[in-house]
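Trainee: Construct the complete structure from the given sequences, taking the supplied hints into account.
The chain contents come next:
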Amino acid sequence: MQRDNGSGDATPGSPSPTHGGRLRHRKRSSEVHPDVNKSNGANLLAYDKNKYKSMLVRTYSSLWMMAGFVFLIYMGHLYIWAMVVVIQIFMAKELFNLLRKVNEDRQLPGFRMLNWHFFFTAMLFTYGRFLSRQLVNTVTSDKLLYKLVSGLIKYQMFICYFLYIAGFVWFIVTLKKKAYKYQFSQYAWTHMILLTHALMNCFNNNTDANALLEGFLLPASLIAINDVAAYFFGFFFGKTPLIKLSPKKTWEGFIGASVTTMLSAFVLANFMGHFQWLTCPRKDLSTGWLHCDPGPMFMPASYDLPGWTPQWFSWRQVAIMPVQWHALALGLFASIIAPFGGFFASGFKRAFKFKDFGDSIPGHGGFTDRMDCQMVMAVFAYIYYQSFVMVQDLSVETILEQVLRSLTYEEQHDLFEQLGKLLARRN
Amino acid sequence: TVLRTPTTRRSCCLFQLGKYKRPPAANQLQAARNCPPTRRKARGRRPEVRAEPRRRRAPHPSFLFSNRAALSKSYPTLAARLPQSSFLADSGPRRRPPLLAPQPRAVLSTRRISLVWAATRLFPFPCHRNKNWAKFGCGKIILAKTLARLSPALSPLANPLRFSHSAASRRRPPINWSAAGTALDRGFSPSAGGPSACNLNLTEMQKDTSQGDASPSHLGRVRRRRQPPEVNTDGNRANGQPLLVNDQNKYKSMLIRTYSTVWMIGGFVLIVYMGHLYIWAMVVVIQIYMARELFNLLRKSSEDKQLPGFRLLNWHFFFTAMLFTYGRFLSRQLVNTVTSDHLLYKVVSGLIKYQMFICYFLYIAGFVWFILTLKKKTYKYQFKQYAWTHMILLTVFAQSSFTVANIFEGIFWFLLPASLIVINDIAAYLFGFFLGRTPLIKLSPKKTWEGFIGASVTTIISAFLLANVMGHFQWLTCPRKDLSTGWLYCDPGPMFKPELYSLSEWVPQWFPWKEVALLPVQWHALALGLFASIIAPFGGFFASGFKRAFKIKDFGDSIPGHGGITDRMDCQMVMAVFAYIYHQSFIAPQNFSVQIILDQIIRNLTYEEQKYLYQQLGEIFHERQLVQS
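Chains as they are written, first to last, in UniProt numbering: chain D, 1 to 427; chain Z, 1 to 629.
Hints listed in this document are in silico derivations from the structure and should not be mistaken for laboratory results.
The reader is advised that the hints may include incorrect statements.
With the C-beta cut set under 10 angstroms, the calculated list includes, among others, these residues of chain Z facing chain D [claimed, not checked]:
id, residue
1, LYS353
2, MET356
3, TYR360
4, GLN382
5, LEU500
6, TYR501
7, SER502
8, GLN595
9, ILE601
10, ILE602
11, TYR614
12, LEU617
Derived BS3-like pairs (lysine-lysine); straight-line CA-CA distance at most 27 angstroms [as the list claims (entries may be wrong)]:
id, chain 1, residue 1, chain 2, residue 2
13, Z, LYS300, Z, LYS384
14, D, LYS353, Z, LYS375
15, Z, LYS481, D, LYS154
16, D, LYS355, Z, LYS375
17, D, LYS355, Z, LYS551
18, D, LYS177, Z, LYS384
19, D, LYS181, Z, LYS551
20, Z, LYS553, D, LYS176
21, D, LYS248, Z, LYS553
22, Z, LYS380, D, LYS244
Glycine is no exception: its CB is placed at the ideal position from the N, C-alpha and C atoms.
Mentor: Spelled out as structure tokens, the structure:
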């Protein structure tokens, strides 16, 4: 190789002086950079070829993911739900493996299984509740299955608690003298993972309680848009570093991404609001086509454009859905607060000195790396929906429907009497 | 004050410091002169001593009564029956009058001790079968000490100098006991330079102790007793106070513990009497203390100094969590309390409506704050603290929100589980103390199978009985649906309606009761008792394992004698969650959803809408009846 190099057009020491100067200059200008590169393991500028290769891989897998995502959206609620479950399992796997020490684990057979025991207990707990609501709608007849399922649902909380306690006892019984500290920190770590599991679960609560759009698609895509926009703005205009924690992020990227995200949130909400597939809530476990009366959220209201629009502008009115204003709030959050989820993850990685959470997605690292902002956003979307969107349309009709749907005759009568008493007391 | 003859290095030192009443014999002095440098050497020497013929053990010095005449004043028969060797003053010509002028108090304590001594004669406790007995000097002494402790100033055990008749202690000036204690601790710690101090004193002591008798058989005895409980020494070390040596300390701590227990129970009863709101307040206070203890636990002061405001962040998260958990309760209860359309009501209902959002906002603010205050050198520490904060909030608030939910379901559901845990603790202690032999789990070597099983039986029985007693008070059984504190009247649910069971076939003729009235809730109480006795102790194991893993003695020092509040609450946490879930799954589900929907209606609909809903429901029922008929 050296001979080849020597016979080439340039001496090995100086391939092209300007290039070398550039390199050095760039390195000096950002003091923090070498640190990052070291911790990330890949020296971006030096191995140019590597960089593009990794970008290619990354783009490929991004495209695959996007395609899969769109396909799943097309398939419907149940499949999205399944996707979230799969992501959860992968995330849990990555996180469980993260702080595990091999030689301590060898002394503790079955400790790994305990983690999974806790995980599936949590799963049963969260999805049991979800299933209970949906299944009752799906299975309506008085068959044996129905009774079995409803019995399970009724005691679901107890069963989960029982399983948890079993795991707890198991943990205590398998405590070993030499590994106390390791075991306890693993236990705490397991619980922290379950916490993230609960956060992820907000996605499902969203798809469960309301339309795909508000709950799932819009927040997820806003985060993606924000990431991409921040990357590009930072790439082209980035000068001022934003935060010490991740030195690649710049103020320019941050602000540019915010504006882009807000705008696209506003536009995307309008666009998506026209599809009934996205706007109708699903109330059972079926996968068929959805028809519904779009709620007041999706009724376009026309606004007159003020007089200052120029004459040549053909539209005098714009039709804006109320949901778009909510989308603005989501966009604001996605662009300003949600990146902190990413900062948190990168700080965490730095604190425990590893590069990625896993290697499940080629070019991207683990699932957890992609999901850090999504989790923060999912919780926000859920809570936002609960406090500002859902309460308003809790009308007499919905409550009546709820009463007729979920209560037995006796319970309905009971409710009727209690309500009567209340009204009488107020008079 | 272990009043034995010196054998090991440890007891040598004790001896020099005057803790031994009985001066050692010549051969013991010889042994003491070359104080064995380590315990292992002392063990190695054991066969020598054992080779000597064993004599019957002389009565413990604390049981030596001053003279036969004094005893016979109060207990003539006993005095007549006791052997001569039981009396200090009469036992030999060389005995001298008491050190201090005889006081009436001494007679009192003598009487007390003699009673106990007689009792231990009547009930010989099998000390060789139970290491707990061995710990306290083989059976006879424990009761004596316990009783004598009731009047600490009077007892010869607590105040050995005053009652000591040995020549050694008479000639020497009084000893500063606290200084001696610290010296002892220093001397016995494996690293410190104790031995030199030991040897210094020894030469002085030799002069004094040449007269006086002692039984060499003691030597072997003591040593043998020290060795067997291998596990115990471990436990003692972890607990920081070697039980055998610092007896005085032990009884002092027991006294403190008893005092604070009595205070706690008194306060608890008062609070239960005051009502739901006060119990809630108590839970909140306990929570704050627990959180404080736990926050302080894994904190490193050197790292904290570099991070101003990090502590505040913990508390920020804490109060956010508090707002979140209690906001939900408030929302349910307040709506019932404030029914009119006042301004306050509107403000409150607005707050409740957006409560989740506000909490989330606060949390996110804390989250951003955390990320902005991350410092390069302390990343790992900060992330660990963050995780730790979340774990604390999880445990503290999961537990307490369930507890509060239990309280508003009726104090019964709070009081019964809590008292079952207490009963189980006490019963396990007593059973383990008197009968315990087989160690239960390596994690906490003091727990025994006997204590565990005995406590289980006791707990289940008392659960059954307590539920019956508590079930008769409406104050305890009625749920509270608003935030008032007034008296409660309600129709006791079917759970609390007594049912008669006839006993006629089972019970012999002479038994007066032919029927018993049992409440259905008693059967559920059995389940609670089962859980409290079998699973809840694992909460304690968890806590003790945690303490061991992170090498801490107690979680805090909030309650004198007990350690921190967290130490007392470990089992309670597990139990409160169980009680809530049990109640929700097996007892309350009937009108659960009706209540929820009714809450929704009241909270979200205006008066007109409610009326409209009522009318519509009525119409639907009317139609249904028409269809059916």
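Trainee: Please go over all the hints and tell whether each is borne out by the structure.
Mentor: Each hint tested on the structure:
For LYS353(Z), the interface hint holds, since its Cβ comes within 10 angstroms of a Cβ in chain D; the closest pair sits about 6 angstroms apart. At a threshold of 10 angstroms, the smallest CB-CB gap from MET356(Z) to chain D is about 5 angstroms, leaving the interface hint in force. A cut of 10 angstroms between beta carbons decides the hint on TYR360(Z): the least distance to chain D is about 5 angstroms, and the hint holds. Hint status for GLN382(Z): holds, given a least beta-carbon distance of 7 angstroms to chain D, under 10 angstroms.
Contact between LEU500(Z) and chain D, as hinted, is not supported at the beta carbon level, the nearest pair being about 28 angstroms apart and thus beyond 10 angstroms. Given the 10 angstroms rule on beta carbons, the hint for TYR501(Z) is violated: about 28 angstroms separates it from the nearest Cβ of chain D. Evaluation of the SER502(Z) hint against chain D yields a violated restraint, the C-beta minimum of about 33 angstroms exceeding 10 angstroms. At a threshold of 10 angstroms, the smallest CB-CB gap from GLN595(Z) to chain D is about 9 angstroms, leaving the interface hint in force.
Checking ILE601(Z) against chain D: minimum C-beta separation of about 6 angstroms stays under 10 angstroms; hint holds. For the restraint placing ILE602(Z) at the interface with chain D, the shortest Cβ-Cβ distance is roughly 7 angstroms, inside the 10 angstroms limit, so the hint holds. At its closest, the beta carbon of TYR614(Z) sits 5 angstroms from a beta carbon of chain D; the interface hint therefore holds under the 10 angstroms criterion. Interface hint status for LEU617(Z): upheld, as the beta-carbon distance to the closest one in chain D is roughly 5 angstroms, under 10 angstroms.
Using a Cα cut-off of 27 angstroms, the hinted pair LYS300(Z) and LYS384(Z) holds, with the two alpha carbons roughly 11 angstroms apart. Distance restraint check for LYS353(D) and LYS375(Z): the Cα-Cα separation of roughly 15 angstroms lies within the 27 angstroms cut-off, and the hinted pair is therefore satisfied. With a C-alpha separation of about 24 angstroms, the suggested pairing of LYS481(Z) with LYS154(D) holds against the 27 angstroms cut-off. Of the pairs offered as hints, the one joining LYS355(D) and LYS375(Z) holds, with about 19 angstroms between alpha carbons and a cut-off of 27 angstroms not exceeded.
With a CA separation close to 32 angstroms, the supplied pair LYS355(D) and LYS551(Z) exceeds the 27 angstroms bound. Restraint check for LYS177(D) and LYS384(Z): satisfied, since their Cα atoms lie roughly 23 angstroms apart, inside the 27 angstroms limit. In summary, the hint linking LYS181(D) to LYS551(Z) is supported, as the alpha carbons are separated by about 9 angstroms, within the 27 angstroms threshold. Note on LYS553(Z) and LYS176(D): the hinted pairing holds, with a Cα-Cα distance of about 19 angstroms set against a maximum of 27 angstroms.
Note on LYS248(D) and LYS553(Z): the hinted pairing is violated, with a Cα-Cα distance of about 46 angstroms set against a maximum of 27 angstroms. Proximity of LYS380(Z) to LYS244(D) is assessed by CA-CA distance (about 16 angstroms); at most 27 angstroms being required, the pair is judged to hold.
In this structure, the hints that do not hold are numbers 5, 6, 7, 17, 21, in rising order.
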